[in-house]
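Asks: The chain contents come next:
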Amino acid sequence: MKRILTAVMVLSLFSALFVLSGCKKKTTAPVARPTPAPTTAAPAPTTAPAPTVEVQASPSTVERGQQATLTWKTQNATSVVIDGGVGNVAENGSVVITPRESSTFTAIAKGPGGEGRSSTRVTVVAPREVPQVTSTDIDGLRQAIQDGRVKDVFFDYDKSDLSAESRATLEQNARWFRQFPGASVVVEGHCDERGTEEYNLALGDRRAQATREYLVQLGVTADQLEPISLGEERPFSPGSDESSYSQNRRAHFALK
Amino acid sequence: MTVPILMQLLVTTLTMFSPQEPDIVIRPPITGVTRLAVADFQPKAAASAEADSALKVFNEVVWKDLDFSAFFEMKSKSFYPVKPIRVPTDVTFDEWQTSTVNADFLVFGNLQLSGGGAVVEAYLYDVKTKQQVLGKRFTAASTTLIRNVAHSFADEIVFQLSAATSRGIARTQIAFSSQKGDSKEVYIVDYDGANPRTVTANGGLNKFPEWSPDNTRLAFVTKLPNSSRWEIWIQELAGGRTVLPTPSSYASSPAVSPDGQRAVFSSRSQDATDSDVYVASLSGGGMRNLTNHRGIDTSPCWSPTGQQIAFISDRSGGPQVWVMDADGSNVRRLVSEGGHCDSPEWSPDGRLVAYSWQAPTQWKHDVYVVEVATGKIFQLTVGGASNESPHWSPDGRHIVFQSTRSGSKQIFIMNADGKNVRQITAYGINESPAWSGYSKRDQ
Chain A
1 MKRILTAVMV LSLFSALFVL SGCKKKTTAP VARPTPAPTT AAPAPTTAPA PTVEVQASPS
61 TVERGQQATL TWKTQNATSV VIDGGVGNVA ENGSVVITPR ESSTFTAIAK GPGGEGRSST
121 RVTVVAPREV PQVTSTDIDG LRQAIQDGRV KDVFFDYDKS DLSAESRATL EQNARWFRQF
181 PGASVVVEGH CDERGTEEYN LALGDRRAQA TREYLVQLGV TADQLEPISL GEERPFSPGS
241 DESSYSQNRR AHFALK
Chain B
1 MTVPILMQLL VTTLTMFSPQ EPDIVIRPPI TGVTRLAVAD FQPKAAASAE ADSALKVFNE
61 VVWKDLDFSA FFEMKSKSFY PVKPIRVPTD VTFDEWQTST VNADFLVFGN LQLSGGGAVV
121 EAYLYDVKTK QQVLGKRFTA ASTTLIRNVA HSFADEIVFQ LSAATSRGIA RTQIAFSSQK
181 GDSKEVYIVD YDGANPRTVT ANGGLNKFPE WSPDNTRLAF VTKLPNSSRW EIWIQELAGG
241 RTVLPTPSSY ASSPAVSPDG QRAVFSSRSQ DATDSDVYVA SLSGGGMRNL TNHRGIDTSP
301 CWSPTGQQIA FISDRSGGPQ VWVMDADGSN VRRLVSEGGH CDSPEWSPDG RLVAYSWQAP
361 TQWKHDVYVV EVATGKIFQL TVGGASNESP HWSPDGRHIV FQSTRSGSKQ IFIMNADGKN
421 VRQITAYGIN ESPAWSGYSK RDQ
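Protein chains in written order, with the numbering used here: chain A, 1 to 256; chain B, 1 to 443.
Everything labelled a hint here was simulated from the structure, so no lab data went into it.
Hints are not guaranteed to be accurate.
Only part of the chain A face toward chain B is listed, based on derived beta-carbon distances under 8 Å [to be verified]:
no., residue
1, Glu197
2, Tyr199
3, Gln209
4, Glu242
5, Ser246
Think about it this way: if two alpha-carbon atoms lie no more than 25 Å apart in a straight line, the pair counts; the simulated DSS-like pairs of lysine-lysine are [unchecked claim]:
no., chain 1, residue 1, chain 2, residue 2
6, A, Lys256, B, Lys180
7, B, Lys128, B, Lys83
8, A, Lys159, B, Lys364
9, B, Lys364, B, Lys376
Beta carbons: idealized from backbone N, C-alpha and C, even for Gly.
Using the sequences and the accompanying hints, generate a full structural model.
Replies: Set out below in structure tokens:
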């Protein structure tokens, strides 16, 4: 976004310079022009029409840090300046601004016919709080967990390393969690029944913590994720064979 | 019985045992057994149904206590003289020295109902010298307390005949964690499985109980329902508790120091990848990370002097038994057999550490002891079931553990040499037993 803004500003500056140099020619031109043949009448007063300018801001109210666009049109102007930090600009154009505080921008158009002015004000307000996530929103995440769109990740025996598949799963999950910043997600670490209770409680914690760390690397707020080990207390599959064990070595996600 | 298992282990892990008999001596010693005759106690006055039922309990409990104490060869009642013995003048000592009875010592006595309770007169005699070793009158305020009288008398006999090397274990208790639906609650039973009562009833997961040295408190780990945090509770048995502050949602395996001032436990700092062993005062002050090492460090226990801590660490691969000084220095590995170790527990005399071990090629666990000074290892449990979470009796002659040998996990006790296994819980799922120490009034 910043890059776009800079580009716009640079473009505006270029066109302003172009216009300014153009103006110079125009202003010098009348000098070079042969003086009109004198008439009998007294020299006519300058009949050049007065410049007009109209500047508008859209939106006229922004949160701090947000952008607004100033757009202006002039007639009969040979130079246009917008104060408030914008500077010389083209006769017609627009510029993207990011005002730090409420500001009035005045465009001054000058021409042979005199000077015209137009002002617009951009009001800057404090950023709103992070929108409160409604219960409906959390339900959306809850539904996603129930549907299996937020997937559990699985581990090898006595391991807490994340496989490539687990990482891919967590990258998907991270999108969900970032989308619901108001939802506290419990990251449960589970083990199969083969180890001892004490070691498995520590191993489940290491699995939960490894999962949480990777989600934080993916941009999920650390405070949103609560790791908890359930050791071998809550097996997903009751059997005592490898197909059950592999189901029971996992990190599972639940809403608090 | 242990030989086939030892051979089997030699095949799987050649370095584990030297082929000769293990030269580590585990008490109780096999030799020097005292032969004990225990005659049924008799009603002092006229028999009554109520007196008979009290006597039945008393006689059964005294016999089992003395039998399990592992100090005696119990002489079978079927060879005893027929004549009932109520008082010392009823005894004909020659009848107790025949080749069939052949007792060194004789226990007998009488019981009389009194008010709602009972009075028991109990005797221990040396059969050869015909001298009284013990003569004592016990008063039970209620007949429901008759078990306690029997336990007290059994402990006195053990104390006398062990030359005061043991105060007996008959009045000790065992705490454990018991599954109730989705929850696990902490329970206490008498050492023989009688008299179960609940310590927690919060519907959460209450695990790994350990006694304070004065037996007034239990330390354990709790996850309350709907909470996503494990907490370390120091629960007063008389009511009230302290919750130790811990650095993260993971906490486990608390153990109170022998001086009753500090606790070691396992927890994880917020940013660490896994658990460390921490120490703190019982009020939670002065918390310090003792291991501060990558890898799982958990299951800490104190040496009886409080100067060392044994713990489990997987820093070298699988979880093994390690030892460090109580300030975290001088870390060294105690067991290096591969596989998975857990639940180290220092013997009361400081000589041995009991632990559970899962061999690299097996999924079952067994109870082992290692001699701290030499690193010599001895296997205590055998068979196809899993045997875990050993914990010493306060006299160091017995070990309580959990086993799947009867199906679901249950609590068993055995002699410290692996013999004389006795089941003390039978229903549901029960795990992580901890044997109480001696209470203050017994010391």
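Asks: Check each numbered hint against the structure and report the violated ones by number, ascending.
Replies: 4 and 5
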